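Fit chain B to the known structure of chain A by using the hints.
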Amino acid sequence: MLGKLTLNAIPFDQPIPLIAGGLVFLVLIAVIAWVVIRGHLPYLWHEWITSVDHKRIGVMYTLLGLVMLLRGFIDAIMIRSQQALAFHAPGYLPPEHYDQVFSAHGTIMIFFAAMPLMIGLMNFAVPLQLGVRDVAFPTFNSTSFWLTATGALLVNLSLVIGEFSRAMWLPYPPLSEYRYSPDVGVDYYLWALQIAGVGTLLTGINFVTTILKIRAPGMSYLRMPVFCWTALAANLLIIAAFPVLTATLAMLLLDRYLGFHFFTNSGGGNMMMFVNLIWAWGHPEVYILVLPAFGIFSEVIATFSGKPLFGYRSMVAATMGICLISFLVWLHHFFTMGAGGDVNAVFGIATAIIAVPTGVKIFNWMFTMYGGRIRFTTPMLWALGFTVTFVIGGMTGVLVSVPPADFMVHNSLFLVAHFHNVIIGGVLFGAFAGVTYWFPKAFGFRLHEGWGKAAFWLSLAGFYITFVPLYAVGLLGMTRRLQTYDVAEWRPWVLAAGVGILVLCGALACQIMQFIVSIRQRELLRDLTGDPWNGRSLEWSTASPPPAFNFAVLPNVEGEEPYWEIKRRAIETQQLTAEPDYKPIEMPRNSPTGFITAFFCTITGFALIWHIWWMVGLGLFGAYVVFVWFAWRDREEHVIPAEDVAEADRARRRVRAQWLAQNEREEWLAAHAEVSEPA
Amino acid sequence: MSATEVLRAPHPHEFDPYKLGHGNGGGHHDYATGHGEGGPASKRVIVGYGFWLFLLSDIVLFSCFFAAHAVLQTATAGGPTGPQLFDPFSVALETACLLTSSFTCGLSAVAAGVRNMLWTQVFLFITGILGLAFLLLEAHDFAAMMARGASPQISAFWSSFFAVVGCHGGHVTVGLLWLGTMMAQVFFKGFRPNIMRRLVCFNLFWHMLDIIWVALFTIVYLIGEGR
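Going down the list, the sequences are from chains A and B.
Be aware that the first sequence starts at 1, since it is given in this note's numbering, and climbs by one per residue.
Be aware that the second sequence starts at 1001, since it is given in this note's numbering, and climbs by one per residue.
In isolation and in its complexed conformation, chain A is listed as follows (with noise of 0.2 Å):
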């Protein structure tokens, strides 16, 4: 009836995760309390889950990362803090709870912390950007959130019924076979992954459909922002990579629930095929996260300088040759496996070669901040962080690029450190410097900039604290996932990392800090501009929250900075421009299908996990009845009325032409003289 599933599963033997897991069991039953008690439940019903707005739905995946964030970084703590006792000693993590904790941080960390991240701050951004209205597909953009949160669901139910895999973020065979394996954890893993990745995959669809046919008039490609073309590159990689992860994963599948034998050590398999498949995902995977990264410091680092971003053009090929390399270069993650000399040499000197269009965008970003008036806020204070943290990153992973040098830190935490290096660097401090820079956009008020900065300072710190060490023992000969050591040479280096693993528990209190404090006093923080930056493209011109149409008429784009144009120029003329002819506008109806497929889904994955296989059939044909129904609406748009959308456009004019009024003519020419009129 229940398939493999019996009150074994509950863990009463290991009270860390049923502890961890009853605290948020609870946690979360009080939060749906709390909101069905105080009759919140129409509004989230209505205005978020069942939402197709990019807004929301960018701001949903912002949380979802966030709090995904949370977890990853307590299993963090647990793998720092276990190191730091097991000096000849058990510790207090056994080795079969360990392995899970850093096989859960690994794939938290990637799939539902950066990931969600990245593409929440690419649903809220890109559409605003290019000057539009909604996303190519926005119910798929709902269904796309909403099985991303069904992996991060039975990832996080793995804590309490039953287990999660013990074979590492990758789950390398012969281990994740069945016969290593039997247990439901890698099953979790391999469901949570492929329903999230089906959504990631209609999100790679949707935007590059969005960004390469849905854009403002005028917006030509070479006038997009570079978040825009970063965006548009991670998602290209999104389409080409992540059926590749769909298909590995299914062939692992396969060989645990039917017996096939790809990856076996008997019948003929080939696990060294898995690691080449998995990889050939897995590198691209690195610059679907990184490449939104370097578009929000572009931004950044563009509208803190109040210039322009130096070597546009540039930038844009950067970005598209790291799409174009990221493919020739996944061998690098196994020099080791022995495929000869030439084969290592070559993907030795892709992988080299990649780093050039990566120095190409430092020396534009710093060339972008020389000569210009810089303002020290807090997301351009992640974006300094970054150009320091990330150029030392990029040499170590130059380093490890030489085959024969790699064999040297191969599975070391030398590795470890690299790769944290860039990801924590790169793609963390991006998805903070983006969360601090389009906060404001997205809820009328600015993130409190004194916890912003303090949450900065002790990030950086604690991330050198922590890694450096570790760069150092992995040259000392330490592996990776160690869960106990008898070197004493090594233990002064893993009790330094976990100094400054709380170091970066203090930089998260300030993070928290920053929210609670911003919510608290957001009527001081309050932007009515619309436009708190001084900014330079599209977002910036709609009002803080912006309507859920962005803007009451499609702005018609003129050159690279749309919006500085559009201020300069009201500047010179001392005028706003006419007020347009409203009209009408059709926006997509709100639809539970997200919601109610990712509900199915859920169903489906979590009796295919454990084997109830009637409950498998009735999750499939729910899904199918969803699509029939979905299928068969209507109506799929609704209307908004000429009037509303004067009203909240006029609304906007105001506060423009109060800003106008502020803001004299010469003196604001002067103030940007020569930022907006380069030699």
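Source of the hints: derived by calculation from the structure; they are not laboratory data.
These numbers were taken from a predicted model, which means no experiment stands behind them.
All residues carry an ideal CB built from backbone N, CA and C; glycine is no exception.
Check the hints yourself; a few may be wrong.
Quick list of simulated restraints, FRET-style, between CB atoms [claimed, not checked]:
id, chain 1, residue 1, chain 2, residue 2, range
1, A, F630, B, H1140, 34 to 42 Å
2, B, I1129, A, F630, 26 to 34 Å
3, B, A1143, A, V356, 52 to 60 Å
4, B, I1129, A, P545, 50 to 58 Å
5, A, A642, B, K1189, 53 to 61 Å
6, A, N8, B, M1146, 53 to 61 Å
For chain B alone, kept in the frame of chain A given last:
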């Protein structure tokens, strides 16, 4: 966002801080919607474009299974090999069914183009019957091979064989479900613009399955037979 809201630029390059984007390349100087400076594309273009991207991603998925099959080509682990168990006649019949179904699917698109309900439904129905015949023949093939000692559990070669061919068969099955839904939609809702867009997508999907089958026939059966 309808085309009527699109405002035309008086001088497209008036405000271009670095005098960039003035060449003929770079996507400028194209005022058709969905290109260059022309503003958003029509819904028909957007839907078709998105679906093409999906098909490309699906082809990437198949290519992984093809690659796995190529790698595991000789990994029979002492068990039966492909040529010993393939039934070329049956595979030829399957091919005929599927290619003909693609033709009738195209005919249904022609009929839908002139808004002829009867012939649209007839050709969609024939497409479905041929697809079903393909699936039944394939199932019969699988059963016959299994009766003679092949199964995905026997060796990596047969694992990859059943996976790649089965993945295509699974796609055809999903396509048949979609086909049935489309027939019902066309019947009850008529040739509305959104239904027409879906018909285009279905057509693209069905033809892609043909292309995949041609690759399967060549790589798995013909080259496999020649080994």
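Open item on the list: Hints numbered earlier in the text: which of these fail when held up against the supplied structure?
Closed with: 5 and 6
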